[in-house]
Amino acid sequence: MRETNQNSDSTTPLLSESQHPIHTTYQSFGEDESHTVEDGHLILERQPEKWNKPRVNLWRVLATFYSFIVVGANDGAYGAMIHYLGKYYNADYTTVSVVFLSPFIGYAAAALENHWIHERFGQRGIAIIGTGMHTISYLAATQHPPYPVLIGIFILSGLGNGIVDASWNAWIGAMDNSSQLMGILHAFYGLGAALAPLTATYVIVSRGWMWYEFYYLMALASALEFATSVTAFWSATGSVPNTQQPDPHEDDSESPDTPDTPEVKRNPTLESLGLPSTWIISLFLLVYVGVEVTMGGWIFTFLVDLRNTPPAVAGVVTFTYWAGLTVGRVCFGFLTPYFHRQRLAVLVYLGACISLHITFCFVEDLRLSAITVTLLGFFLSPLYPEAVIAQAQLLPKYLHVAAVGFACALGSAGGCLFPFITGATAEIFGIEVLQPAVLAMLLVCLALWLSLPTQRPGGQ
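One point on numbering: in this note's numbering, the residue at position 281 of the sequence shown is 281, and numbering is uninterrupted.
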(Lines of atoms letter the chains of each structure in order from A and count residues from 1; the text may use other names and numbers.)
(Lines give C-alpha, C1' and ligand atoms only; values in the text may rest on other atoms or scores of the structure.)
Protein backbone atom coordinates (compact mmCIF):
# COMPACT_ATOMS: atom_id res chain seq x y z
CA MET A 1 0.00 0.00 0.00
CA ARG A 2 1.30 3.45 -0.95
CA GLU A 3 2.46 5.53 2.00
CA THR A 4 0.57 8.66 2.89
CA ASN A 5 2.34 11.54 4.55
CA GLN A 6 -0.14 12.86 7.07
CA ASN A 7 2.09 15.82 7.79
CA SER A 8 2.08 17.12 4.23
CA ASP A 9 0.85 20.65 3.87
CA SER A 10 -2.11 20.50 1.55
CA THR A 11 -2.88 23.76 -0.14
CA THR A 12 -6.16 22.51 -1.52
CA PRO A 13 -8.30 20.91 1.22
CA LEU A 14 -10.98 19.69 -1.13
CA LEU A 15 -10.36 16.20 -2.31
CA SER A 16 -10.27 12.53 -1.52
CA GLU A 17 -7.48 10.04 -2.08
CA SER A 18 -7.93 6.34 -2.80
CA GLN A 19 -5.47 3.58 -1.95
CA HIS A 20 -4.85 0.09 -3.28
CA PRO A 21 -7.49 -2.54 -2.43
CA ILE A 22 -7.09 -4.30 0.89
CA HIS A 23 -9.17 -6.69 2.95
CA THR A 24 -9.08 -5.08 6.32
CA THR A 25 -10.65 -2.15 8.11
CA TYR A 26 -9.19 0.45 10.45
CA GLN A 27 -9.78 4.00 11.56
CA SER A 28 -7.24 6.82 11.85
CA PHE A 29 -7.55 9.86 14.01
CA GLY A 30 -5.18 12.05 11.97
CA GLU A 31 -6.08 15.66 11.41
CA ASP A 32 -8.99 16.15 9.02
CA GLU A 33 -8.77 12.59 7.71
CA SER A 34 -11.06 9.59 7.97
CA HIS A 35 -10.69 6.08 6.57
CA THR A 36 -13.51 3.98 5.20
CA VAL A 37 -13.63 0.77 3.19
CA GLU A 38 -15.75 0.64 0.05
CA ASP A 39 -15.80 -2.34 -2.36
CA GLY A 40 -12.55 -3.67 -0.89
CA HIS A 41 -10.75 -0.32 -1.27
CA LEU A 42 -9.33 1.76 1.52
CA ILE A 43 -10.58 5.32 1.02
CA LEU A 44 -8.66 8.12 2.69
CA GLU A 45 -11.06 11.06 2.74
CA ARG A 46 -9.77 14.54 3.42
CA GLN A 47 -12.52 16.37 5.24
CA PRO A 48 -13.11 20.12 4.83
CA GLU A 49 -10.50 22.04 6.78
CA LYS A 50 -11.46 24.13 9.77
CA TRP A 51 -10.33 27.69 10.40
CA ASN A 52 -8.46 26.60 13.52
CA LYS A 53 -7.41 23.05 12.63
CA PRO A 54 -4.58 22.46 11.96
CA ARG A 55 -3.36 25.32 14.12
CA VAL A 56 -1.50 27.01 11.28
CA ASN A 57 -4.87 27.62 9.61
CA LEU A 58 -5.72 30.22 12.25
CA TRP A 59 -2.79 32.39 11.16
CA ARG A 60 -3.49 31.72 7.49
CA VAL A 61 -7.14 32.71 7.80
CA LEU A 62 -6.17 35.90 9.63
CA ALA A 63 -3.64 36.64 6.87
CA THR A 64 -6.33 36.25 4.20
CA PHE A 65 -8.63 38.56 6.16
CA TYR A 66 -5.99 41.28 6.24
CA SER A 67 -5.15 40.67 2.58
CA PHE A 68 -8.78 41.31 1.69
CA ILE A 69 -8.61 44.68 3.44
CA VAL A 70 -5.92 45.66 0.92
CA VAL A 71 -7.89 44.13 -1.98
CA GLY A 72 -10.95 46.13 -0.94
CA ALA A 73 -8.95 49.32 -0.43
CA ASN A 74 -7.50 48.92 -3.92
CA ASP A 75 -10.99 48.81 -5.46
CA GLY A 76 -12.58 51.34 -3.13
CA ALA A 77 -9.92 54.00 -3.65
CA TYR A 78 -10.75 54.43 -7.35
CA GLY A 79 -14.08 56.06 -6.53
CA ALA A 80 -12.43 58.90 -4.63
CA MET A 81 -9.37 59.04 -6.90
CA ILE A 82 -11.07 59.58 -10.26
CA HIS A 83 -12.44 62.97 -9.23
CA TYR A 84 -8.92 64.20 -8.47
CA LEU A 85 -7.24 62.29 -11.30
CA GLY A 86 -9.56 64.05 -13.73
CA LYS A 87 -8.38 67.42 -12.46
CA TYR A 88 -4.70 66.48 -12.20
CA TYR A 89 -4.47 65.00 -15.71
CA ASN A 90 -7.16 67.27 -17.20
CA ALA A 91 -9.13 64.18 -18.27
CA ASP A 92 -12.81 63.84 -19.18
CA TYR A 93 -15.16 61.08 -17.95
CA THR A 94 -14.18 58.64 -20.70
CA THR A 95 -10.45 59.10 -20.21
CA VAL A 96 -10.54 58.88 -16.44
CA SER A 97 -12.83 55.81 -16.66
CA VAL A 98 -9.88 53.88 -18.08
CA VAL A 99 -8.71 53.75 -14.45
CA PHE A 100 -11.55 51.29 -13.82
CA LEU A 101 -10.88 49.34 -17.01
CA SER A 102 -7.12 49.02 -16.59
CA PRO A 103 -7.14 46.25 -13.93
CA PHE A 104 -9.30 44.15 -16.29
CA ILE A 105 -6.18 42.95 -18.11
CA GLY A 106 -4.64 41.95 -14.80
CA TYR A 107 -7.77 40.13 -13.68
CA ALA A 108 -8.04 38.32 -17.02
CA ALA A 109 -4.44 37.16 -16.73
CA ALA A 110 -5.12 36.00 -13.18
CA ALA A 111 -8.11 33.95 -14.36
CA LEU A 112 -5.88 32.07 -16.80
CA GLU A 113 -2.77 31.72 -14.65
CA ASN A 114 -4.11 31.32 -11.11
CA HIS A 115 -4.50 27.53 -11.30
CA TRP A 116 -1.02 27.13 -12.79
CA ILE A 117 0.56 29.30 -10.07
CA HIS A 118 -1.30 27.38 -7.38
CA GLU A 119 -0.26 24.02 -8.81
CA ARG A 120 3.37 24.99 -9.44
CA PHE A 121 4.18 27.15 -6.41
CA GLY A 122 1.34 26.48 -3.98
CA GLN A 123 -0.17 29.08 -1.70
CA ARG A 124 3.30 30.38 -0.88
CA GLY A 125 3.62 31.43 -4.52
CA ILE A 126 0.17 33.00 -4.43
CA ALA A 127 1.17 35.03 -1.37
CA ILE A 128 4.50 36.16 -2.81
CA ILE A 129 3.31 37.02 -6.32
CA GLY A 130 -0.10 38.50 -5.50
CA THR A 131 0.85 40.66 -2.54
CA GLY A 132 4.22 41.56 -4.07
CA MET A 133 2.46 43.05 -7.09
CA HIS A 134 0.37 45.18 -4.73
CA THR A 135 3.45 46.66 -3.08
CA ILE A 136 5.31 47.31 -6.33
CA SER A 137 2.34 48.97 -8.02
CA TYR A 138 1.51 51.26 -5.09
CA LEU A 139 5.11 52.41 -4.76
CA ALA A 140 5.14 53.17 -8.48
CA ALA A 141 1.89 55.17 -8.18
CA THR A 142 3.50 57.47 -5.61
CA GLN A 143 5.74 58.79 -8.40
CA HIS A 144 2.66 60.27 -10.18
CA PRO A 145 3.83 59.09 -13.62
CA PRO A 146 2.26 60.13 -16.95
CA TYR A 147 -1.32 58.94 -17.28
CA PRO A 148 -0.59 56.02 -19.68
CA VAL A 149 2.08 54.72 -17.29
CA LEU A 150 -0.34 55.04 -14.37
CA ILE A 151 -2.79 52.84 -16.27
CA GLY A 152 -0.06 50.21 -16.63
CA ILE A 153 0.54 50.40 -12.88
CA PHE A 154 -3.14 49.78 -12.21
CA ILE A 155 -2.99 46.77 -14.55
CA LEU A 156 -0.26 45.34 -12.32
CA SER A 157 -2.27 45.97 -9.16
CA GLY A 158 -5.25 44.31 -10.87
CA LEU A 159 -3.16 41.20 -11.50
CA GLY A 160 -2.21 41.10 -7.84
CA ASN A 161 -5.84 41.56 -6.82
CA GLY A 162 -7.02 38.82 -9.18
CA ILE A 163 -4.48 36.29 -7.92
CA VAL A 164 -5.16 36.95 -4.24
CA ASP A 165 -8.94 37.30 -4.61
CA ALA A 166 -9.48 34.06 -6.53
CA SER A 167 -7.09 31.95 -4.46
CA TRP A 168 -8.27 32.93 -1.00
CA ASN A 169 -11.92 32.66 -2.08
CA ALA A 170 -11.37 29.12 -3.33
CA TRP A 171 -9.60 28.13 -0.11
CA ILE A 172 -12.01 29.71 2.38
CA GLY A 173 -15.08 28.69 0.34
CA ALA A 174 -14.21 25.00 0.73
CA MET A 175 -13.78 25.13 4.50
CA ASP A 176 -16.15 23.95 7.16
CA ASN A 177 -18.68 26.68 8.08
CA SER A 178 -17.96 28.33 4.75
CA SER A 179 -20.97 30.70 4.86
CA GLN A 180 -19.78 32.34 8.05
CA LEU A 181 -16.13 32.43 7.02
CA MET A 182 -16.89 33.78 3.54
CA GLY A 183 -19.08 36.44 5.10
CA ILE A 184 -16.26 37.53 7.40
CA LEU A 185 -13.67 37.37 4.60
CA HIS A 186 -15.72 39.64 2.37
CA ALA A 187 -16.56 41.89 5.31
CA PHE A 188 -12.85 42.68 5.47
CA TYR A 189 -12.98 43.48 1.75
CA GLY A 190 -15.82 45.87 2.49
CA LEU A 191 -13.86 47.35 5.39
CA GLY A 192 -10.94 48.14 3.11
CA ALA A 193 -13.25 49.50 0.43
CA ALA A 194 -14.96 51.72 3.03
CA LEU A 195 -11.78 53.06 4.63
CA ALA A 196 -9.95 53.83 1.37
CA PRO A 197 -12.25 56.56 -0.05
CA LEU A 198 -12.84 58.03 3.40
CA THR A 199 -9.10 58.18 4.10
CA ALA A 200 -8.28 59.47 0.62
CA THR A 201 -10.91 62.21 0.87
CA TYR A 202 -9.69 63.22 4.33
CA VAL A 203 -5.99 63.47 3.49
CA ILE A 204 -6.66 65.25 0.18
CA VAL A 205 -9.38 67.67 1.33
CA SER A 206 -8.47 68.24 4.98
CA ARG A 207 -4.71 67.68 5.00
CA GLY A 208 -3.89 69.10 1.59
CA TRP A 209 -2.20 65.98 0.23
CA MET A 210 -1.85 65.34 -3.47
CA TRP A 211 -3.73 62.29 -4.75
CA TYR A 212 -0.55 60.27 -5.28
CA GLU A 213 0.59 60.75 -1.68
CA PHE A 214 -2.33 58.56 -0.60
CA TYR A 215 -0.54 55.65 -2.24
CA TYR A 216 2.25 55.87 0.33
CA LEU A 217 -0.37 54.61 2.79
CA MET A 218 -1.40 51.88 0.36
CA ALA A 219 2.23 50.82 -0.10
CA LEU A 220 2.69 50.59 3.67
CA ALA A 221 -0.48 48.51 4.04
CA SER A 222 0.53 46.17 1.21
CA ALA A 223 4.04 45.72 2.64
CA LEU A 224 2.41 44.46 5.84
CA GLU A 225 0.15 42.27 3.70
CA PHE A 226 3.21 40.77 2.00
CA ALA A 227 4.89 40.04 5.33
CA THR A 228 1.86 38.41 6.96
CA SER A 229 0.76 36.36 3.94
CA VAL A 230 4.20 35.02 3.05
CA THR A 231 4.94 34.15 6.67
CA ALA A 232 1.60 32.37 7.16
CA PHE A 233 1.76 30.38 3.91
CA TRP A 234 5.51 29.77 3.77
CA SER A 235 5.17 25.99 4.28
CA ALA A 236 2.38 25.70 1.66
CA THR A 237 4.74 25.06 -1.22
CA GLY A 238 2.61 23.07 -3.66
CA SER A 239 -0.65 21.28 -4.36
CA VAL A 240 -1.18 17.71 -3.35
CA PRO A 241 -0.93 15.71 -6.61
CA ASN A 242 -4.32 14.06 -6.23
CA THR A 243 -6.07 17.41 -6.06
CA GLN A 244 -5.91 17.61 -9.83
CA GLN A 245 -7.60 14.30 -10.52
CA PRO A 246 -11.17 13.13 -10.07
CA ASP A 247 -11.91 10.87 -7.14
CA PRO A 248 -12.83 7.47 -8.58
CA HIS A 249 -15.10 6.84 -5.63
CA GLU A 250 -17.02 10.10 -5.90
CA ASP A 251 -20.44 9.53 -7.37
CA ASP A 252 -20.69 11.73 -10.43
CA SER A 253 -24.44 11.38 -10.33
CA GLU A 254 -24.45 13.65 -7.31
CA SER A 255 -23.55 16.57 -9.47
CA PRO A 256 -26.14 17.75 -12.00
CA ASP A 257 -23.45 19.48 -13.96
CA THR A 258 -20.70 17.04 -14.91
CA PRO A 259 -19.84 16.74 -18.60
CA ASP A 260 -19.28 13.47 -20.44
CA THR A 261 -16.10 14.66 -22.11
CA PRO A 262 -13.22 12.60 -20.78
CA GLU A 263 -10.79 14.13 -23.25
CA VAL A 264 -10.77 17.45 -21.35
CA LYS A 265 -10.57 15.95 -17.87
CA ARG A 266 -6.79 16.11 -17.99
CA ASN A 267 -7.00 19.82 -17.30
CA PRO A 268 -9.26 20.94 -14.43
CA THR A 269 -9.55 24.45 -15.84
CA LEU A 270 -10.73 23.21 -19.24
CA GLU A 271 -13.10 20.71 -17.69
CA SER A 272 -14.63 23.30 -15.39
CA LEU A 273 -15.17 25.61 -18.37
CA GLY A 274 -17.24 22.85 -19.96
CA LEU A 275 -19.79 23.06 -17.14
CA PRO A 276 -22.81 25.38 -17.41
CA SER A 277 -22.68 26.25 -13.70
CA THR A 278 -19.13 27.58 -14.04
CA TRP A 279 -20.25 30.07 -16.68
CA ILE A 280 -23.49 31.02 -14.91
CA ILE A 281 -21.74 31.71 -11.61
CA SER A 282 -18.87 33.46 -13.40
CA LEU A 283 -21.25 35.73 -15.31
CA PHE A 284 -23.25 36.33 -12.13
CA LEU A 285 -20.09 37.47 -10.34
CA LEU A 286 -18.98 39.47 -13.38
CA VAL A 287 -22.20 41.50 -13.27
CA TYR A 288 -22.53 41.56 -9.48
CA VAL A 289 -19.05 42.96 -8.90
CA GLY A 290 -19.85 45.39 -11.69
CA VAL A 291 -22.80 46.62 -9.62
CA GLU A 292 -20.77 46.76 -6.42
CA VAL A 293 -17.80 48.70 -7.83
CA THR A 294 -19.83 50.87 -10.24
CA MET A 295 -22.00 52.07 -7.38
CA GLY A 296 -19.10 52.51 -5.00
CA GLY A 297 -16.87 54.04 -7.64
CA TRP A 298 -19.25 56.57 -9.20
CA ILE A 299 -21.53 57.52 -6.29
CA PHE A 300 -19.03 60.19 -5.16
CA THR A 301 -18.93 61.85 -8.58
CA PHE A 302 -22.71 61.38 -8.99
CA LEU A 303 -23.46 63.23 -5.76
CA VAL A 304 -20.91 66.01 -6.35
CA ASP A 305 -21.61 66.69 -10.03
CA LEU A 306 -25.34 66.00 -10.29
CA ARG A 307 -26.77 66.64 -6.83
CA ASN A 308 -24.27 69.36 -5.83
CA THR A 309 -23.21 67.57 -2.66
CA PRO A 310 -20.05 68.91 -0.94
CA PRO A 311 -17.09 66.55 -1.57
CA ALA A 312 -16.56 65.91 2.15
CA VAL A 313 -20.21 64.84 2.54
CA ALA A 314 -20.09 62.74 -0.64
CA GLY A 315 -17.04 60.98 0.79
CA VAL A 316 -19.01 60.12 3.92
CA VAL A 317 -21.91 58.74 1.85
CA THR A 318 -19.44 56.61 -0.11
CA PHE A 319 -18.08 55.36 3.20
CA THR A 320 -21.57 54.42 4.45
CA TYR A 321 -22.16 52.39 1.27
CA TRP A 322 -19.03 50.31 1.84
CA ALA A 323 -19.72 50.19 5.58
CA GLY A 324 -23.16 48.70 4.85
CA LEU A 325 -21.45 46.13 2.66
CA THR A 326 -19.03 45.29 5.47
CA VAL A 327 -21.62 44.95 8.23
CA GLY A 328 -23.94 43.00 5.95
CA ARG A 329 -21.34 40.39 5.12
CA VAL A 330 -20.76 39.66 8.78
CA CYS A 331 -24.48 39.54 9.59
CA PHE A 332 -25.66 37.56 6.57
CA GLY A 333 -22.82 35.07 6.95
CA PHE A 334 -24.61 33.90 10.08
CA LEU A 335 -28.21 34.57 8.97
CA THR A 336 -28.22 32.92 5.55
CA PRO A 337 -27.72 29.35 6.87
CA TYR A 338 -31.12 29.71 8.58
CA PHE A 339 -32.70 29.82 5.15
CA HIS A 340 -33.36 26.21 4.24
CA ARG A 341 -32.96 27.15 0.58
CA GLN A 342 -29.92 29.20 -0.34
CA ARG A 343 -31.39 30.05 -3.74
CA LEU A 344 -34.43 31.64 -2.06
CA ALA A 345 -32.24 33.69 0.27
CA VAL A 346 -30.32 35.20 -2.65
CA LEU A 347 -33.59 36.01 -4.44
CA VAL A 348 -34.81 37.87 -1.34
CA TYR A 349 -31.57 39.84 -1.16
CA LEU A 350 -31.70 40.72 -4.85
CA GLY A 351 -35.31 41.86 -4.52
CA ALA A 352 -34.35 44.16 -1.66
CA CYS A 353 -31.46 45.59 -3.70
CA ILE A 354 -33.69 46.37 -6.67
CA SER A 355 -36.29 48.05 -4.45
CA LEU A 356 -33.70 50.16 -2.64
CA HIS A 357 -32.01 51.26 -5.84
CA ILE A 358 -35.31 52.34 -7.38
CA THR A 359 -35.96 54.38 -4.22
CA PHE A 360 -32.54 56.02 -4.56
CA CYS A 361 -33.31 56.92 -8.18
CA PHE A 362 -36.46 58.86 -7.33
CA VAL A 363 -35.53 60.41 -3.96
CA GLU A 364 -33.08 63.32 -4.04
CA ASP A 365 -33.10 64.16 -0.34
CA LEU A 366 -29.50 63.74 0.83
CA ARG A 367 -30.28 62.04 4.13
CA LEU A 368 -32.71 59.57 2.62
CA SER A 369 -30.31 58.95 -0.26
CA ALA A 370 -27.55 58.15 2.23
CA ILE A 371 -29.84 55.69 4.03
CA THR A 372 -30.89 53.91 0.83
CA VAL A 373 -27.28 53.73 -0.40
CA THR A 374 -26.19 52.24 2.93
CA LEU A 375 -28.98 49.65 2.87
CA LEU A 376 -28.19 48.86 -0.76
CA GLY A 377 -24.64 48.01 0.26
CA PHE A 378 -26.02 45.96 3.17
CA PHE A 379 -28.23 43.76 0.97
CA LEU A 380 -25.65 43.48 -1.80
CA SER A 381 -23.16 42.09 0.68
CA PRO A 382 -24.11 38.37 0.80
CA LEU A 383 -24.42 37.85 -2.96
CA TYR A 384 -20.73 37.32 -3.72
CA PRO A 385 -19.93 34.81 -0.95
CA GLU A 386 -23.17 32.89 -1.52
CA ALA A 387 -22.39 32.58 -5.24
CA VAL A 388 -18.94 31.18 -4.47
CA ILE A 389 -20.43 28.68 -2.03
CA ALA A 390 -23.04 27.64 -4.61
CA GLN A 391 -20.27 27.05 -7.14
CA ALA A 392 -18.43 24.78 -4.70
CA GLN A 393 -21.63 22.81 -4.05
CA LEU A 394 -22.41 22.30 -7.73
CA LEU A 395 -19.06 20.87 -8.79
CA PRO A 396 -16.95 17.79 -8.05
CA LYS A 397 -14.36 18.55 -5.42
CA TYR A 398 -11.35 18.25 -7.70
CA LEU A 399 -12.62 21.17 -9.82
CA HIS A 400 -13.07 23.65 -6.97
CA VAL A 401 -9.78 25.53 -7.27
CA ALA A 402 -10.01 25.90 -11.05
CA ALA A 403 -13.72 26.74 -11.27
CA VAL A 404 -14.02 28.96 -8.22
CA GLY A 405 -10.76 30.68 -9.10
CA PHE A 406 -11.97 31.38 -12.64
CA ALA A 407 -15.33 32.66 -11.40
CA CYS A 408 -13.76 34.97 -8.82
CA ALA A 409 -11.19 36.33 -11.26
CA LEU A 410 -13.86 36.97 -13.89
CA GLY A 411 -16.04 38.56 -11.24
CA SER A 412 -13.21 40.90 -10.33
CA ALA A 413 -12.91 41.79 -14.01
CA GLY A 414 -16.52 42.96 -13.85
CA GLY A 415 -15.42 45.51 -11.29
CA CYS A 416 -13.23 47.00 -14.02
CA LEU A 417 -15.41 46.62 -17.10
CA PHE A 418 -18.77 47.98 -15.94
CA PRO A 419 -17.49 51.11 -14.16
CA PHE A 420 -15.58 51.96 -17.35
CA ILE A 421 -18.68 51.46 -19.51
CA THR A 422 -20.66 53.63 -17.10
CA GLY A 423 -18.06 56.38 -17.26
CA ALA A 424 -17.79 56.27 -21.04
CA THR A 425 -21.57 56.44 -21.32
CA ALA A 426 -21.69 59.28 -18.79
CA GLU A 427 -19.41 61.33 -21.04
CA ILE A 428 -22.17 61.22 -23.69
CA PHE A 429 -25.38 61.27 -21.64
CA GLY A 430 -24.27 62.61 -18.27
CA ILE A 431 -23.50 61.02 -14.91
CA GLU A 432 -27.22 60.33 -14.39
CA VAL A 433 -26.74 57.13 -16.45
CA LEU A 434 -25.44 55.58 -13.21
CA GLN A 435 -28.98 54.89 -12.02
CA PRO A 436 -30.39 52.93 -15.00
CA ALA A 437 -27.04 51.18 -15.50
CA VAL A 438 -27.03 49.76 -11.97
CA LEU A 439 -30.70 48.80 -12.21
CA ALA A 440 -30.10 46.91 -15.46
CA MET A 441 -27.17 45.01 -13.93
CA LEU A 442 -29.25 44.01 -10.91
CA LEU A 443 -31.95 42.61 -13.20
CA VAL A 444 -29.32 40.62 -15.12
CA CYS A 445 -28.07 39.18 -11.81
CA LEU A 446 -31.62 38.11 -10.99
CA ALA A 447 -32.03 36.37 -14.35
CA LEU A 448 -28.70 34.55 -14.03
CA TRP A 449 -29.47 33.32 -10.53
CA LEU A 450 -32.84 31.97 -11.65
CA SER A 451 -31.08 30.00 -14.41
CA LEU A 452 -28.66 28.27 -12.02
CA PRO A 453 -28.88 24.43 -12.02
CA THR A 454 -30.34 22.59 -9.05
CA GLN A 455 -27.86 22.04 -6.26
CA ARG A 456 -26.61 18.50 -5.88
CA PRO A 457 -27.94 16.32 -3.04
CA GLY A 458 -26.13 16.85 0.22
CA GLY A 459 -25.34 20.51 -0.51
CA GLN A 460 -26.14 23.22 2.00
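FYI, nobody ran anything at the bench for these hints, they're computed from the structure. Don't take each hint at face value.
[Said to hold, decoys possible] Mimicking SDA-like on lysine to any residue, the simulated pairs with C-alpha atoms at most 20 Å apart in a straight line are:
{"no.": "1", "residue 1": "LYS87", "residue 2": "THR199"}
{"no.": "2", "residue 1": "LYS50", "residue 2": "VAL330"}
{"no.": "3", "residue 1": "LYS87", "residue 2": "ALA352"}
{"no.": "4", "residue 1": "LYS87", "residue 2": "THR142"}
{"no.": "5", "residue 1": "LYS87", "residue 2": "VAL205"}
{"no.": "6", "residue 1": "LYS87", "residue 2": "GLY132"}
{"no.": "7", "residue 1": "LYS50", "residue 2": "PHE334"}
{"no.": "8", "residue 1": "LYS87", "residue 2": "GLY208"}
{"no.": "9", "residue 1": "LYS397", "residue 2": "TYR212"}
{"no.": "10", "residue 1": "LYS87", "residue 2": "ALA424"}
{"no.": "11", "residue 1": "LYS87", "residue 2": "ILE204"}
{"no.": "12", "residue 1": "LYS50", "residue 2": "LEU62"}
{"no.": "13", "residue 1": "LYS87", "residue 2": "VAL444"}
{"no.": "14", "residue 1": "LYS397", "residue 2": "GLU119"}
{"no.": "15", "residue 1": "LYS87", "residue 2": "ARG207"}
{"no.": "16", "residue 1": "LYS87", "residue 2": "MET175"}
{"no.": "17", "residue 1": "LYS87", "residue 2": "PRO310"}
{"no.": "18", "residue 1": "LYS50", "residue 2": "ASN177"}
{"no.": "19", "residue 1": "LYS87", "residue 2": "VAL203"}
{"no.": "20", "residue 1": "LYS87", "residue 2": "GLU427"}
{"no.": "21", "residue 1": "LYS87", "residue 2": "ASP305"}
{"no.": "22", "residue 1": "LYS87", "residue 2": "VAL149"}
{"no.": "23", "residue 1": "LYS50", "residue 2": "ASP176"}
{"no.": "24", "residue 1": "LYS87", "residue 2": "ASN267"}
{"no.": "25", "residue 1": "LYS397", "residue 2": "MET175"}
{"no.": "26", "residue 1": "LYS50", "residue 2": "SER235"}
{"no.": "27", "residue 1": "LYS87", "residue 2": "ASP176"}
{"no.": "28", "residue 1": "LYS87", "residue 2": "ILE151"}
{"no.": "29", "residue 1": "LYS50", "residue 2": "GLY208"}
{"no.": "30", "residue 1": "LYS53", "residue 2": "ARG124"}
{"no.": "31", "residue 1": "LYS397", "residue 2": "LYS87"}
{"no.": "32", "residue 1": "LYS87", "residue 2": "ALA312"}
{"no.": "33", "residue 1": "LYS50", "residue 2": "GLN393"}
{"no.": "34", "residue 1": "LYS87", "residue 2": "LEU306"}
{"no.": "35", "residue 1": "LYS397", "residue 2": "LEU452"}
{"no.": "36", "residue 1": "LYS397", "residue 2": "LEU270"}
[To be verified] Computed spacing ranges between beta-carbons, pair by pair:
{"no.": "37", "residue 1": "LEU112", "residue 2": "GLN143", "range": "24 to 32 Å"}
{"no.": "38", "residue 1": "GLY430", "residue 2": "VAL205", "range": "20 to 28 Å"}
{"no.": "39", "residue 1": "PRO337", "residue 2": "ARG207", "range": "38 to 46 Å"}
{"no.": "40", "residue 1": "ASN267", "residue 2": "THR359", "range": "44 to 52 Å"}
Positions of the beta carbon are idealized from the N, C-alpha and C atoms, including for glycine.
Against the structure, the hints come out as follows:
| no. | hint | result |
| --- | --- | --- |
| 1 | LYS87 to THR199 | holds, 19 Å |
| 2 | LYS50 to VAL330 | holds, 18 Å |
| 3 | LYS87 to ALA352 | violated, 36 Å |
| 4 | LYS87 to THR142 | holds, 17 Å |
| 5 | LYS87 to VAL205 | holds, 14 Å |
| 6 | LYS87 to GLY132 | violated, 30 Å |
| 7 | LYS50 to PHE334 | holds, 16 Å |
| 8 | LYS87 to GLY208 | holds, 15 Å |
| 9 | LYS397 to TYR212 | violated, 44 Å |
| 10 | LYS87 to ALA424 | holds, 17 Å |
| 11 | LYS87 to ILE204 | holds, 13 Å |
| 12 | LYS50 to LEU62 | holds, 13 Å |
| 13 | LYS87 to VAL444 | violated, 34 Å |
| 14 | LYS397 to GLU119 | holds, 15 Å |
| 15 | LYS87 to ARG207 | holds, 18 Å |
| 16 | LYS87 to MET175 | violated, 46 Å |
| 17 | LYS87 to PRO310 | holds, 16 Å |
| 18 | LYS50 to ASN177 | holds, 8 Å |
| 19 | LYS87 to VAL203 | holds, 17 Å |
| 20 | LYS87 to GLU427 | holds, 15 Å |
| 21 | LYS87 to ASP305 | holds, 13 Å |
| 22 | LYS87 to VAL149 | holds, 17 Å |
| 23 | LYS50 to ASP176 | holds, 5 Å |
| 24 | LYS87 to ASN267 | violated, 48 Å |
| 25 | LYS397 to MET175 | holds, 12 Å |
| 26 | LYS50 to SER235 | holds, 18 Å |
| 27 | LYS87 to ASP176 | violated, 48 Å |
| 28 | LYS87 to ILE151 | holds, 16 Å |
| 29 | LYS50 to GLY208 | violated, 46 Å |
| 30 | LYS53 to ARG124 | holds, 19 Å |
| 31 | LYS397 to LYS87 | violated, 50 Å |
| 32 | LYS87 to ALA312 | holds, 17 Å |
| 33 | LYS50 to GLN393 | holds, 17 Å |
| 34 | LYS87 to LEU306 | holds, 17 Å |
| 35 | LYS397 to LEU452 | holds, 19 Å |
| 36 | LYS397 to LEU270 | holds, 15 Å |
| 37 | LEU112 to GLN143: 24 to 32 Å | holds, 29 Å |
| 38 | GLY430 to VAL205: 20 to 28 Å | holds, 25 Å |
| 39 | PRO337 to ARG207: 38 to 46 Å | holds, 44 Å |
| 40 | ASN267 to THR359: 44 to 52 Å | holds, 47 Å |
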